[in-house]
Structure formats: C-alpha cells, structure tokens
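Asks: Could you slot chain B onto chain A? The hints should help.
Just so you know, the protein sequences line up as chains A and B, in that order. Just so you know, we're using numbering that gives the first Met the number 0 here: the first sequence kicks off at 0 and counts up by one. Just so you know, we're using numbering that gives the first Met the number 0 here: the second sequence kicks off at 0 and counts up by one.
Hints may contain errors.
For identical chains, the list gives no copy identity; a pair is met inside one copy or between any two copies.
[As the list claims (entries may be wrong)] Pairs of lysine-lysine, BS3-like flavour, derived with a Cα cap of 25 Å: (1) LYS58 <-> LYS183; (2) LYS69 <-> LYS3; (3) LYS40 <-> LYS7; (4) LYS98 <-> LYS119; (5) LYS169 <-> LYS40; (6) LYS158 <-> LYS40; (7) LYS40 <-> LYS183; (8) LYS3 <-> LYS98; (9) LYS48 <-> LYS158; (10) LYS48 <-> LYS7; (11) LYS7 <-> LYS127; (12) LYS98 <-> LYS127; (13) LYS7 <-> LYS158.
By construction, these hints were calculated from the structure, which means they are not laboratory data. From a predicted model like this one, the values you see are computed outputs, not experimental measurements.
Listed below are the residues making up each chain.
There are 2 protein chains.
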Amino acid sequence: MKEKISDKTINRLTLYHCILNDFIESNINTITSVQIANLLKIDDSQVRKDISLLQNSGKSRVGYCVADLKKAIETTLGFAHPKNAFIVGAGNLGLALAKYDNFLNYGLNVLALFDVDPLKVGVTINKKEVYHISKLPELAKQMGVQMVLLTVPRSVAQKTADFLVNSNIKYIWNFSPSVLDVPKGVEVWNENLMGNFLHFSYKISN
Amino acid sequence: MKEKISDKTINRLTLYHCILNDFIESNINTITSVQIANLLKIDDSQVRKDISLLQNSGKSRVGYCVADLKKAIETTLGFAHPKNAFIVGAGNLGLALAKYDNFLNYGLNVLALFDVDPLKVGVTINKKEVYHISKLPELAKQMGVQMVLLTVPRSVAQKTADFLVNSNIKYIWNFSPSVLDVPKGVEVWNENLMGNFLHFSYKISN
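Extracted from the complex, chain A is given alone in its bound form:
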C-alpha cells in the first residue's frame, strides 16, 4: 500500500526537484543530502528522511545519482499521469501561467485559455488558443477536461465558478482572492497568495 505523504513533505520534494534540475543543467551527476539541506537551510537528516520515502532513489556511496533521484520524485508524486486543464481568465496572471512551461514537467497540461474580452479571444499564447468563455462547456467535454485554473478578477469569481460547475468542471485551482461557494463533488484549491505573504511577513516580524 502506498504511504500517505504529508503536504510539507510534498512541498520539500518539489523543491529538491528544482535543485536537481539545476544540477542537471550544470552537468553534475551526484548530489548529497547535505548539499540539498544547505540550499534550503534545513537539516540534512530531514532530507534523508524525505528521500527514504521514495523508491529507487539512486543512493550510492558518495551521494545520490541526480537523474535517478529526480525520476524517483516524479514517480512518487505522480507527475507521470498528466492532467489536462484550462485557464479561465486571460489577464496578466492567466498569461503568466500559460507561459509557465514548467507545468508540463509536473503533469499539468494546459490546453487552452478562456476569456470574455473580444480583444483576447482568438489570440494564441504559448501555442494555446484563447477562446470565448461560452465555448468552454463544449470544449471541456470534447477534450475531457475537468480542471480549471481560475484567474478572473474577484468581482466575477463566484459567477464564473458557478458557470464552471454547470459545465461539469470538478477541480478548480482558484487564484482569485475570493472564497468560492461550490457544491459537493467539486474540489477547490485556494492559491492563497495573501496567506502565503502573511506566513512570510509573520515569520520575519516574530
């Protein structure tokens, strides 16, 4: 049976993954838990404990094999099963996310964007077309998309969420600073930027 991995561990593993990408780009083949720990300013015993949760972590006498460890993280966290998604809201944040190629490396495959602005509809961003929002229900069905990254302004966030729910969207990654009221069976992940800032701010003032 698969062991449940905690949120904090998932978070650390993705940071290790970033570091491994940097090492690969620099053509370094081996990495130690101490190197990872120093970059993240955490304890190296924590790093070893996290890595012990992975299968085939590439441990050797001199450290870990960078490529193997990277693959082990990807397999464990399920990057191998990409999820298709739409971005709803083609403002700056929506465009930034559409350009964020890193997503695909992590199993998030953004297929298209949606907006109401006629100036945006028809534009192509990073090979993804911007469609009018009215096309969403049909395209979601055709493309089998159940996940949306919601980047609309707060003032229309709930109205848009209602529309998405009616279009059979099941998973909403909510980047708008608004708490959405959705029925059972729909999952919302609040990308609470202000919450994150306040952690940071609280941490540095205390």
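Replies: For chain B alone, coordinates are given in the frame of chain A:
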C-alpha cells in the same frame, strides 16, 4: 505574550478575511462560524477555535460582527504594519502582481518594478514605475526597501538574487521555479506553485 499562530491557522484566517470582505460588499453585518465553515468545507468547531485566538473578535449572541472580526484578523496578523517592497521582473507575473491591489490591504506596499528590458523601463503599471535594474541599489536605500518579489525567469534567478543580496535586500519572495542560494541573514520564501499544484493533484488522485 503573543501566542505563536501556526501556518495552517494563518492560512485559514486569511480565507476567513476573504469571506468577510465578500459579506461587507453584500452589506451583511453578522456572520456565524457555521457559515464560514460551510464555505470552506471545514468543521465549524475549527473556525471557532481559530477565532478564539483573536482579540476583540466581535462575538455576539447571533454570531460575529463582520467588521469587528475583520479588524481582529488584521490586527492579529499584523496587516497594520505595511512593508514596502519592489517587484523584480516586469513580465506577465510581475505585472499581474503589480496590479494586485489586494496586497496593500494586507500590508504589502509595492513601490516600483525593475527589469532589464529597455521596452519596459519607464512604463507605469498601476501607478508604479518600471526602473532599470541598475537603479535598484540606490532606490532601495532611498526608499528603505528590504523586500523583493522575484519574478524573473529561472535562468537568471540566481544571478538576480546575488545582485539583490549585494544591494542589501533581506527578504526575497521567490516566484521563480528555482531554489536560491543566499547567505545567512537573507530570508527566502519560495512561492512553490508546482508544490501547491502537486498537493492538489495528489489529494484528488488518492
């Protein structure tokens, strides 16, 4: 003595704050813990426990006074002491963050943006000017800024962080998908978008 509030509680309190803003806009004066709990799909005893950490939470016989509860969250989480900051990187994400007026409500005061692109330098975004990065050390000193939101591409993230550290920046809110190597005395908060996605993705697949 001030009680230490956990990261998860801070996160929930900021979501309650979002809900309170919505209630204020709808001219509703009273809110119950059950209403908050239902919107967030959490237990109402958790909501009451979190609110019990606040001073002057505005509790009455029929619920909480919306305005008082909002103020209590702001006071407890220190929104009242704004922090000045710069955005480094005037790409889509930098622009999205510059336009995000909500920040100021939470005590984050973005004063200016910086970039190397001559086409961006001199432009004004949401009343904030984009300066050439070479002006940063001088302006940081003049304006007393110690915090930066880093939104540059991954390929230049470390080089830019080194420059910021040399410019006496002490706090880096890192939006680039890169782990930064900084000396002691500099705090980095990794806005690990992929980590957040993987929590969500892991949660919905298990």
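Asks: None of the hints should be skipped; say for each whether it holds.
Replies: Structure-based check of each hint:
no. : hint             : result
1   : LYS58 <-> LYS183 : neither (44 Å within a copy, 29 Å between copies)
2   : LYS69 <-> LYS3   : within (19 Å within a copy, 36 Å between copies)
3   : LYS40 <-> LYS7   : both (15 Å within a copy, 21 Å between copies)
4   : LYS98 <-> LYS119 : both (15 Å within a copy, 18 Å between copies)
5   : LYS169 <-> LYS40 : between (38 Å within a copy, 15 Å between copies)
6   : LYS158 <-> LYS40 : between (43 Å within a copy, 19 Å between copies)
7   : LYS40 <-> LYS183 : between (40 Å within a copy, 9 Å between copies)
8   : LYS3 <-> LYS98   : neither (32 Å within a copy, 39 Å between copies)
9   : LYS48 <-> LYS158 : neither (45 Å within a copy, 31 Å between copies)
10  : LYS48 <-> LYS7   : both (13 Å within a copy, 23 Å between copies)
11  : LYS7 <-> LYS127  : neither (32 Å within a copy, 35 Å between copies)
12  : LYS98 <-> LYS127 : both (9 Å within a copy, 24 Å between copies)
13  : LYS7 <-> LYS158  : neither (33 Å within a copy, 28 Å between copies)
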